[in-house]
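Visitor: Following the hints, position chains B and C against chain A.
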Amino acid sequence: MKHEINFTLNGEAVTCAVDIRKSLLEMLRDDFELTGTKEGCGVGECGACSVIIDGRTVDSCIYLAVWADGKAITTIEGIAQSDGQLAPIQAAFIEAGAVQCGFCIPGMVLASDQLLKDHAQLSRAEIRRGLSGNMCRCTGYQKIIDAVQLADAKRQADPKTVVLPHFKIEQ
Amino acid sequence: MYDITDYHEATSLAEVFKLAAADPKARIVAGGTDTLVKSWAEVPAFTGIALIGITRIPELQGIVCQEDGTLIIGALNTFVTIEHDPLIQKYTPLLSQAVSLVGGPQTRHMGTIGGNICNAGPAADSAPALFTYNTTCEIQGPDGVKNVPIADFYRGPGQTILKPGEVLTRFKIKAGDYQDFHGHYTKFARRNALDIANLSCAALVKVQGEQIRDLRLCFGAAGPTPLRMPVAESYAKGKPLTDATLAQIGQLCLQDTHDITDWRDTKAFRDHLVTVLPGRDITAALRGA
Amino acid sequence: MAQKHIIGQAESRWDAIAKVKGQANYTGDFPIKNLLHGKILHATIAHGYVTSYDISEAEKVPGVLKILLPEDLPQIKYSTAGHPWNLEPKKRDIEDRTMLTRHVRVYGDDIGAVIAKTPLAAKQALSKIKVTYDTYPVYLTPKQAMALDAKRIHEERDNVIASTAVGFGDVNQGLDEADFVLHRQLHTPVQLHAHLENQVATAFQSEDQRYTCISSTQIPHICRRIVAQANGLPWSLVRVKKPFIGGGFGNKQDVTIEPLAVAMSKAMGGKPVQINLTREESLAYTRTRHAIDYDVKLGVKKDGTITALDMQVLSNQGGYASHGHAIGGKGGTFINALYKMNSLNYGAKTVYTNIATAGAMRGYGMPQVIFALECVIDDAADKIGMDPIEFRLKNHQPDGFYNELSHTKQQDFRIGDCLKQGPEAFKWQAKVQQAKAFNQLQGPTRRGVGIAAFSFGTATYPFGLETSGARLILLPDGSFKLMVGATEIGQGADTALSQMAADTLGVPFESIIRDAITDTDTDPFDTGAYASRQTYIAGYAIRDAAEKMRKMIIQRAAATFDIRGEFMDIVDGNIVSVSDGDLITTVKDMAQASYFDWQTAKTMVAESSVNIHNNSYASGCTLAEVEVDLQTGKIKLLSLMNVHDSGKIINPLLAAGQVEGGMAMSAGYGLNEGLVYDELGRPMNNNLLDYKLPTTMDLPDLDEIFVETKDPLGPYGNKALGENPTCSPAPAIRNAVKNAVGVGIDTIPLTPESVYDALQAAKAPKGVS
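Protein chains in written order, with the working numbering: chain A, 1 to 171; chain B, 172 to 460; chain C, 461 to 1229.
Watch out, some of these pointers could steer you wrong.
Said to hold, decoys possible - Residues from chain B that face chain C, not an exhaustive set, calculated with beta carbons under 7 Å: (1) F188; (2) K189; (3) I234; (4) L272; (5) A364; (6) L365; (7) Y406; (8) K438; (9) T446.
Think of the hints as simulated: they come from the structure by calculation, not from any bench. Since we're looking at a predicted model, the values are computed, not measured. Think of the CB as a built atom: it goes at the ideal place given N, C-alpha and C, for glycine as much as any other residue.
One chain only, chain A, in its complex shape (with noise of 0.2 Å):
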């Protein structure tokens, strides 16, 4: 059975006719061909899968596609400025030397990004709480806990490069 639903996803307004028993995960990947959203549990206990929603971090494998009408979701692939140059966070992470096999990194960087968007200014040990829902066997987190001070750094020592805005419902 299939619901048509209507949404934001990375700035465009979509239709999807969507079967009900999936997942946004699923629909992301499958429907949109959005791939660079990851699997790692299905059950919300990894982190992988996290999208934004309405300026929320969410697990996208425990949430129902259909929940999706209405919102404004931004995915990995939404991030990046639309000529291709890397948003802050993204350009952190490599920077910091946080990318290892990468599997939780989209997940990663859309937490750290939302994160920083949330505070104004954060502390290590906020870091490790605002990513405390994304699992990572890589790297022991160090690097991914330094590029999110060091994108804070930079935005506090040049407020220009504060990071974009996500792509808001147009009302």
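Guide: Leaving out everything else, chains B and C in the frame of chain A:
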């Protein structure tokens, strides 16, 4: 894909009642952090059924303080909302602290306090705090509204008194149940995030000078449902705040807990923690006073 | 002349951009038309025999196309271990499994399979298959499986699949001569790899009527061989492609699902079929780190001399042999590598049981044996009243030690430097004083510090074959395509190997182009990512190919400009005069000419293949600081530092990342991780909620230093680093806990309950506990 047959997005309670009457097997889903996980794991009664979504029903939102001081918490508030809500932080900070320890940020963004209670897990993080505040659960159904003390809402692990078509709509905490109280919650788990309590304990205490005027204790994961500690609570009233009193409170809790051995921990260790955590929570609660 | 500085530079990994953009394709990300989905029917008992299947209800599920039972597939026995093939049948890994089996040896054994149009239909069908079993006794531990009346888990061989002893000297005499003999029983848990990407493989018949398997594997070339063997196909009829891989840590050094994926595609007439394991399947039904029990006697004199070490080892293999005795049997060599002693006896047995099959996992037996060794070494220092660092400094093997057990001279062996520089960087003495002051407050918690050391080999020589190949193609614009069979699995191998090629060629790092996919049809042979071997073994291959390529370019320049080749060098992509550094030509111009010069065009490809017969021993240590709650047994890890003697560090940024990840994995090993079984052999915690992988909030900041030297043998002065960091954190944490509370606990993980119980037992009157 989830093994479900249909999905309905209800926009009012009346619509929920209608949908539930038409399909009595249908299950209500809020944030999905529990229901969808159980459906995925093929838990019977969570597959082959239709889901009724209720997160867009306005009546179930909001946190307000009534003129008489009663705090009203809509069942669909997420853990994040509750953690940061100014009224909750001002009047029932123990609840704010408790829900701040649920799972990880993603779960706290989607999971709702109503869902946490309806799920009726013995280790639910919001439950011990709500128990110590003597919270009333408001239930609405096709036949009207009823108010039930939270301790009577549970029937057993995963089981509540809700009948098909009934919805837990809001929680009510009276002024007398939070004024002058200080609280603290300990989630004893193996990890500091993304975990479930092996044992949890909420303490709500009122003192006069160096004397305990009132004490409420509730354990999670120490029995089939969250459990208040009547023996220890009644002992504590009027007792001086000393290490000996705190130790005795811990010992008396064993009269009301029903710890078991499972792969996570033995009964012996849980019983030991039962004697330790109340004193620590009381001390921590008063340190913040 | 400008120096070439590419080795040792913190180059960003070439794939990082794709990964932060969500652009990197992993096995599950490739769009494949009309993809079918395969799921495995797992046994719900741990030991027994399937007497019947009822698939009638399952077949009715809409979308189900085929249900496979064991007899529908080839009954060829094969081994899943990712080792090079051995021409001597006796030296091969034990071939003890078929793709599907009626004979159940572990809970979750693969007893059937469903192919369906959707994963949900396959899942629904699985739940409708009714299976009846004859059940046999379940053996969870080696001791149970070794009992006289125990049933054989595999009819054709004893439950003890191997029993070896190595050593030297007279241990009994050594124990007699000791002033003190410590006797300890130590136990390590079933640790899980828990890579974020579960095992996934897609198989289909290609246009050329062969089978392609896209797989998340660490060992593409070995995978091809095992897929072919299991399916009874000529090896060349299988092609394996490995795209980006979401972590492996050794679990994907076993070929678990790929043979079945190909068998499923064959059963469907070559249509594409994907097996995508769930998290629960990946955790419980693939491979694990061996749980090993140690019975240790250590003799020590008051002056700190170790007179004898007797270590009796029981390695829990689980239901199938996989890597088998290669893991439990390996400790003696590395004990000898690390410490001087008058006598050593290392006796090891590897035993089939009915828990999950153990295989390779980061460290390959070393985290277990180092845990056992470093607990007892630390306790021995306590026993004679010597500082634990001083005791290790007194007893460690010197640089240049010839290890008779591995026939290897341990050149440039810098454990002594690690034990000196590490404590200084960690501020060990200050932390000792701080802990003393803290503990004098007599609060509910105690603090302490601990240390543990390790040694580690680079690659598998002299025990295993070590071959590798590399190919460099000069492209028309002067950049180079680097092709290797060595496998990028997230560790950064591709970036480090590219740095090596650029360094030897004399061109910028950016001039080296790697591929996101390793393809057994086109990439040179290499056995894959394991044994911390690739920068070492593939490093030689790359150096050879790059030297050949460099020579070819210089030869062309020599011919073009009529200058002798030895007067020229390549620096930063320019061909310059050795004597004055003047520019002669560029690699780009030579590349253009090699493609398009009317008279002389001849494209350049350099190929190499090496067979390496040497090993460089690495070493290091961990320093840990903890706080222990006396009332609850809960441990807080306050700080953790690893110190590594790994020769030249090819890329400090990547190296630090490897070390930190390994430290986190070992901290989890020491404190919280372990797969738990009930008495029937059912796994209790095979999900990420209950299997306690550390989160961001469970670890402190992780520190590391490198005692950097240039290994005389390593192709770029380098030696092993990938697995080394997982060896010593767990025992360092255990020793820190002992330092804090005065009780040494010999079973990990150090859960709150186990710590609390140990504290209670220590309080009890002697003779009672």
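Visitor: Which numbered hints turn out to be false for this structure?
Guide: Checked against the structure, the hints that fail are numbers 1, 2, 3, 4, 7, 8 and 9, while the rest are satisfied.
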